[in-house]
Amino acid sequence: MTGVAAIAIALVQLVLFVFLAPLLIGVIRQVRARLEGRAGSGIWQPWRDVRKLLVKNPVRAVDSSWMLAAGPVTLLVSSLLLCALLPLVGTLPLPLIPSDLFVIVSVMLIGVVALALVGLDAGTAFGGMGSSRHMTVAALVEPTLLLAVYALSIPAGTSTLSLIVETRLENPAVIISPVSLLAMVALAIAIMAETSRLPVDNPSTHLELTMLHEAMVLEASGRDLAWLELGSWLKLAALLGLLSNLIVPWGVMTDWSALGVVIGMGTVTVKILLLGVVLSVGEVFLAKARLFRVPELLAGSFALALLAVTASYLVA
Amino acid sequence: MSVTRLTKLIRTSGRIAETAPPAPALHTGAEVFGGSVQVRFINGGSCNDCAMEVQSAFGPVYDVERYGIRLVASPRHADVLVITGAVTRNLIEPLLRTVDATPTPRFVIAVGDCAITGGVFAEGYGVAGPVSDFVHVDLAVPGNPPEPAVIVEALRRMTGR
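Line by line, the protein sequences are chains A and B. Taking this note's numbering, the leading residue of the first sequence gets 1, the next gets one more, and so forth. Taking this note's numbering, the leading residue of the second sequence gets 1, the next gets one more, and so forth.
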């Protein structure tokens, strides 16, 4: 019975996040536009963008291979898996694929590699440059992600993310412990880097030399681009959802009930949109860091994660 | 700029965008875009007058982004190509290749008298001809240079918003 409920929750999360991710991007862009004195294109604009991209006929470079068509789908699938596996609406772990820390990071890495291969595929200078930068950032981010979540897993005694969230729900004192605070800051920086937000990457840049994510998708068009965009948005939404559920676990469904599902969906939506607004306001005050300063920032977040792990053995 | 100064600037400047004029009629065939248009800007050899007007159309005052129109960095992402200036000999090839790299359905807007007729540069030794000699032009925005409001109106005909 729990298995069926867990699968149902995973499907609910999938549907909710496919709907929510473009909305989140719309809210982020709208808040930013308002702060810049613009009117903004409305919170439904990302939906219109994706719908439009799907009806266009993709143009693929003559030198490109099947990777340009398969890569975007791989990224989308990895992001969808992330949305299904993470404890977002409910914390019921799937029977066969647990939402284990290592499973999550590996699933995310599949998308990262697919995106890097898409960047390399057409053989353009900017694509290759973007891929190399992307992999550099990924190599620095993944250990931080692993270590930060590992630090969070010590008080819970398990590396399953849904059980970590449940522990924090039962024992809220864990949330404001020094271990948790250090790990959360490290995790937040790592997530910003992983999802190509400021100060690591500028999501609204037109200058090829400053691009990370944008440089890799320069050659994609039509539905390839739609999958890439939707995949990246889903990843951002899922990771922000994880972060918000770790900071404020209340509202997450722990036992199957219809009311619980509705409450879980409502709270996760509110939490993600609020975090999106905070992210957007924060980004207005940030400039993109020089590429050579990015490893320093990420090394700093790794140091915080390491401190969190050390502290969890000394303090706890 | 410090955080306090920036906060003050945001608070005092408020909304810079001017109120939107009524939406113009949708251009035939542009309904496939459904209110979302990505624009790639091409300078075919203009004196940058029209380029600056296009730039201010995308600025916060005219704020063409509120109608769902965005500038993009690659022709592969674009639906509409905005071309300024008479086409010079060196730019024939890049222009044709950019148009080929843009996925269909696509529209081409020629902005400024030079792009439409060659303007004052028509007889120049480096000038090959107006844009319509090389690619199919869907919409022409006359002016020397055209005002940003006119460019905004032409772009709005693509989204219908």
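Hint data in this document are derived by calculation from the structure and do not stem from the laboratory. Built from N, CA and C at the ideal position, the CB exists for glycine as well. Among the clues, some could well be false.
To be verified - Derived Cβ-Cβ restraints for the label pairs, each shown as a range: (1) A:Ala258 <-> B:Glu18: 22 to 28 Å; (2) A:Ala70 <-> B:Thr19: 44 to 50 Å; (3) A:Leu297 <-> B:Val32: 53 to 59 Å; (4) A:Glu296 <-> B:Gly126: 30 to 36 Å; (5) B:Val61 <-> A:Val284: 38 to 44 Å; (6) A:Leu297 <-> B:Thr28: 47 to 53 Å; (7) A:Ala125 <-> B:Asp49: 47 to 53 Å; (8) B:Gly126 <-> A:Leu291: 21 to 27 Å; (9) A:Asp63 <-> B:Gly59: 22 to 28 Å.
Said to hold, decoys possible - Chain A regions said to be covered by chain B (calculated; three or more residues, Cβ under 8 Å): (10) 50-60; (11) 76-85.
Taking the hints in turn, this is what the structure says about them:
| no. | hint | in the structure |
| --- | --- | --- |
| 1 | A:Ala258 <-> B:Glu18: 22 to 28 Å | violated, 49 Å |
| 2 | A:Ala70 <-> B:Thr19: 44 to 50 Å | holds, 47 Å |
| 3 | A:Leu297 <-> B:Val32: 53 to 59 Å | violated, 43 Å |
| 4 | A:Glu296 <-> B:Gly126: 30 to 36 Å | violated, 48 Å |
| 5 | B:Val61 <-> A:Val284: 38 to 44 Å | violated, 19 Å |
| 6 | A:Leu297 <-> B:Thr28: 47 to 53 Å | holds, 50 Å |
| 7 | A:Ala125 <-> B:Asp49: 47 to 53 Å | violated, 31 Å |
| 8 | B:Gly126 <-> A:Leu291: 21 to 27 Å | violated, 38 Å |
| 9 | A:Asp63 <-> B:Gly59: 22 to 28 Å | violated, 37 Å |
| 10 | 50-60 | holds (count 7) |
| 11 | 76-85 | violated (count 0) |
In summary, the structure is inconsistent with hints 1, 3, 4, 5, 7, 8, 9 and 11 from the numbered list given earlier, while agreeing with the others.
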